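Residue numbers (this note's numbering), protein chains in the order written: chain A, 7 to 282; chain B, 7 to 282; chain C, 7 to 282.
Simulated from the structure, these hints should not be mistaken for lab results. This one's a predicted model, so the numbers in the text were calculated from it and none came from an experiment. Keep in mind that the hints are not guaranteed to be accurate.
Note: identical chains are not told apart, hence a pair may lie in one copy or across any two.
Cross-link-like lysine to any residue pairs, in silico, SDA-like; alpha carbons within 20 Å at most [as the list claims (entries may be wrong)]:
id, residue 1, residue 2
1, K243, Q174
2, K219, G272
3, K228, Y181
4, K280, S178
5, K243, T105
6, K281, V142
7, K108, L169
8, K108, Q174
9, K108, P241
10, K281, A146
11, K219, N171
12, K228, G102
13, K219, G173
14, K228, C182
15, K243, G227
16, K281, P71
17, K228, S91
18, K108, V239
19, K243, A106
20, K280, E170
21, K243, A233
22, K108, E240
23, K219, E240
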Amino acid sequence: MKPFRPSLLSNSGGILRAPCFIIFSVAAGRVVVFLSDFGPDSLYVGQVKGVLAGIPVLDLCHDIPPEDVRAGAYALFTSWKYFPSGSIFLAVIDPGVGTARKALAASWNGYFFVAPDNGLLSPFMEGDFRAVELAVPAEASPTFHARDVFAPAARRLALGESLENLGQPCPSPVYCAFFSPRETADGIRGRVILRDRFGNLITNVPAAMLEGKNFAVMAGGKEIFPARTYGDVEPGKPLAVIGSGGFLELSVRDGDAGEALSLSVGDIVEVIWKKI
Amino acid sequence: MKPFRPSLLSNSGGILRAPCFIIFSVAAGRVVVFLSDFGPDSLYVGQVKGVLAGIPVLDLCHDIPPEDVRAGAYALFTSWKYFPSGSIFLAVIDPGVGTARKALAASWNGYFFVAPDNGLLSPFMEGDFRAVELAVPAEASPTFHARDVFAPAARRLALGESLENLGQPCPSPVYCAFFSPRETADGIRGRVILRDRFGNLITNVPAAMLEGKNFAVMAGGKEIFPARTYGDVEPGKPLAVIGSGGFLELSVRDGDAGEALSLSVGDIVEVIWKKI
Amino acid sequence: MKPFRPSLLSNSGGILRAPCFIIFSVAAGRVVVFLSDFGPDSLYVGQVKGVLAGIPVLDLCHDIPPEDVRAGAYALFTSWKYFPSGSIFLAVIDPGVGTARKALAASWNGYFFVAPDNGLLSPFMEGDFRAVELAVPAEASPTFHARDVFAPAARRLALGESLENLGQPCPSPVYCAFFSPRETADGIRGRVILRDRFGNLITNVPAAMLEGKNFAVMAGGKEIFPARTYGDVEPGKPLAVIGSGGFLELSVRDGDAGEALSLSVGDIVEVIWKKI
Chain A
7 MKPFRPSLLS
17 NSGGILRAPC
27 FIIFSVAAGR
37 VVVFLSDFGP
47 DSLYVGQVKG
57 VLAGIPVLDL
67 CHDIPPEDVR
77 AGAYALFTSW
87 KYFPSGSIFL
97 AVIDPGVGTA
107 RKALAASWNG
117 YFFVAPDNGL
127 LSPFMEGDFR
137 AVELAVPAEA
147 SPTFHARDVF
157 APAARRLALG
167 ESLENLGQPC
177 PSPVYCAFFS
187 PRETADGIRG
197 RVILRDRFGN
207 LITNVPAAML
217 EGKNFAVMAG
227 GKEIFPARTY
237 GDVEPGKPLA
247 VIGSGGFLEL
257 SVRDGDAGEA
267 LSLSVGDIVE
277 VIWKKI
Chain B
7 MKPFRPSLLS
17 NSGGILRAPC
27 FIIFSVAAGR
37 VVVFLSDFGP
47 DSLYVGQVKG
57 VLAGIPVLDL
67 CHDIPPEDVR
77 AGAYALFTSW
87 KYFPSGSIFL
97 AVIDPGVGTA
107 RKALAASWNG
117 YFFVAPDNGL
127 LSPFMEGDFR
137 AVELAVPAEA
147 SPTFHARDVF
157 APAARRLALG
167 ESLENLGQPC
177 PSPVYCAFFS
187 PRETADGIRG
197 RVILRDRFGN
207 LITNVPAAML
217 EGKNFAVMAG
227 GKEIFPARTY
237 GDVEPGKPLA
247 VIGSGGFLEL
257 SVRDGDAGEA
267 LSLSVGDIVE
277 VIWKKI
Chain C
7 MKPFRPSLLS
17 NSGGILRAPC
27 FIIFSVAAGR
37 VVVFLSDFGP
47 DSLYVGQVKG
57 VLAGIPVLDL
67 CHDIPPEDVR
77 AGAYALFTSW
87 KYFPSGSIFL
97 AVIDPGVGTA
107 RKALAASWNG
117 YFFVAPDNGL
127 LSPFMEGDFR
137 AVELAVPAEA
147 SPTFHARDVF
157 APAARRLALG
167 ESLENLGQPC
177 PSPVYCAFFS
187 PRETADGIRG
197 RVILRDRFGN
207 LITNVPAAML
217 EGKNFAVMAG
227 GKEIFPARTY
237 GDVEPGKPLA
247 VIGSGGFLEL
257 SVRDGDAGEA
267 LSLSVGDIVE
277 VIWKKI
């Protein structure tokens, strides 16, 4: 029996793109900034880059924990200002792909966004934020909208199309209050939202809630004292710093705070006001 | 005793390149698309990018499981069409580096390929496929042909050299029937060939073998039913979908199919035809 | 109680950049080559790329083991020659961030470097090596100098500023003899300094110390014989090769030397001279 051999030119897995590489019409200042939970240098990231070939792309982050929309929102919220005005954030943390969730393109403050409608863009839902709903072509893979829906939309924005051109207005996108920890009688009840490669634990407590106040932190059954930076404590000692993203972080100098404090994403971190 | 200090300008580890960065002569449309099993953002990937400095490079994937030629072939087979015509696929999954296996450059359907001769290019061995054998310079590191043999060849193609210029014709490159699962009396016996970061299990059963048919899937001792996408089943339930690469995939909605079904790469997946 | 909502336009986490993307004044030949221990495609890597937006950036490596300055020095030492003259190596393995360690920019042999003063640049401290000390702006995050101190300096060099313009001379930067293993009565006592994704064990013994000599290697209680490349031994057998970086490496053909020899980074590798 002659073995079946799949055809190269059939196209059951996605949308065939017109070939072209050097693109002269990228709109001034429009770079695509790509965020996902697809895993570093994974094939899914690579196929999206094919769809965007010819357009400048910067990778913001691809090691967001799988399906962690809040971590993705943290990445966007703490990073947009480092990118040029006009940047297009292609942000795909999309646990709902293949369900009825909408696909969005949006603009805010001179920036653009393309993302699933699951709260990922919540930090930008203020001021001049506007969103439109993207159509999903019939031939799009129902399990990979990043490649077949979101990247083509980012490409169109990069080539200068207006947001309005991409879809009908979406007046009430999903909003999640990811970075608004609960204020308690004597402080703030926050949570660990991310653990970095060095074991630092990033919380959802913004620096602005702590400014000018005296406090200690209770987490993992330990009292941890605030410091400006690692050098302010002895090696091996824990400290609470305002991290590089502008949120409270728990660290251990020359150590791994996640391990030392036995804390993971989702665990509670209590800020307690201190009298001077 | 004065300690030995290795010289910076000696060159025992590879081939010294002439310095130059801005390259005006990249042939129209020729971008290098880089696939390897070197690991994301690893030093081996970085050194290859040095050799290609000045030429546009897109990363297709670097998290192919070490030495898994079939997984690399899957990546190429399912991705080429997303890249512009004229793209040069630099594909190095090379368990045989340092043995007598040949080094190839090839062309097919307007695309170019540079790869070891181990079956990695099998999906393209049809139609106008042509291959030439690359010479291995004496000074090439015998353990890192990606940097010292394959990348320089990709660079020459990007600068507009013809395939013929790169070596003598290689009439019978190694071919492997990676994506031709065995047809059985009542269905297809396939295998898991890749597990992605989300736990989805990609099989070697192409969508074209399933089109218009009714079937169920037996895998890991369970019967799994086909669905169009994740939203078609309840959270936590398994399903069999045509994945974004055009092959049968096993998934669990909001879950990890590899874990839930206790299946790994290489395990058997049976498709069984059903009467309506 | 209205929940606190952090402001988007406040800037507690870093330095706000002026928006601009297309940069016409990148100095000829100046590409930024980025090395870190931040993790592949991590958010820290992404934010640095935002600061460098508009300037060509190549990733050298981001999977250096956390805080392993020696591994970072190995990456620089074995890679600089693959990059064009004028390249700016932005190298941040920085266990001392937030302590009193200095921040440096340097030049050597037509290349530039931006790095913490912790020995990372030791391999280049010869010949025309010069270093200046970078000022740390008050508004820099005390835990993320890569983004707020080093990347802005790399950007200034890429735009053509001179090294002298970046700071006051730093006459005696920290030097570490990372790649000078101890010579013994009958050979060399080296150490494993890196394990790659394939299980190869890279040592700090440079090829130049072994040239023209007969030797065997004792490591993990086993005697391992030198070979030119993997193909010179049977599958599953260990061998000692001159690796692609120009240092002695221990490998197992078609296997994982780290596992097979039970060796890790830091373990001793003895070279023993043999009479013919």
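Between copies, within a copy, both or neither: which fits K108 and Q174 at Cα up to 20 Å? within (12 Å within a copy, 54 Å between copies)
Have a look at K108 and E240 and pick one of within, between, both or neither, based on CA distance no larger than 20 Å. Answer is between: at 19 Å across copies they meet the 20 Å cutoff, but 50 Å inside does not.
Could you place K281 and V142 in one of the four classes (within, between, both, neither) given a Cα distance threshold of 20 Å? neither (56 Å within a copy, 33 Å between copies)
Regarding K219 and G272, is the shortest C-alpha distance of 20 Å or less found within a copy, between copies, in both, or in neither? neither (25 Å within a copy, 45 Å between copies)
Since the copies are identical, ignore which copy is meant and state whether K280 and S178 lie within 20 Å (CA to CA) inside a copy, between copies, both or neither. Close neither inside one copy (41 Å) nor across copies (44 Å); limit 20 Å.
When no copy is named, should K243 and G227 be tagged within, between, both, or neither for a Cα gap of at most 20 Å? Cα proximity of K243 and G227: one copy only (15 Å, versus 38 Å across).
When Cα atoms must be at most 20 Å apart, do K243 and A233 count as within-copy, between-copy, both, or neither? within (11 Å within a copy, 47 Å between copies)
Measure nothing new, just compare the shortest in-copy and cross-copy C-alpha distances for K228 and C182 to 20 Å and report within, between, both or neither. For K228 and C182, neither the intra-copy (30 Å) nor the inter-copy (38 Å) Cα distance is at most 20 Å.
Within a copy, between copies, both or neither: which one fits K228 and Y181 at a CA-CA cutoff of 20 Å? neither (34 Å within a copy, 39 Å between copies)
Between the shortest in-copy and the shortest cross-copy C-alpha distance, which are at most 20 Å for K108 and P241: within, between, both, or neither? between (49 Å within a copy, 19 Å between copies)
Between K228 and G102, at a C-alpha cutoff of 20 Å, which is it: within one copy, between copies, both, or neither? neither (38 Å within a copy, 25 Å between copies)
I want to check one pair: K108 and V239. Are their C-alpha atoms no more than 20 Å apart within a copy, between two copies, both, or neither? between (48 Å within a copy, 18 Å between copies)
Of the hints listed earlier, those the structure fails to meet are numbers 1, 2, 3, 4, 6, 10, 11, 12, 13, 14, 16, 17, 20 and 23, in rising order.
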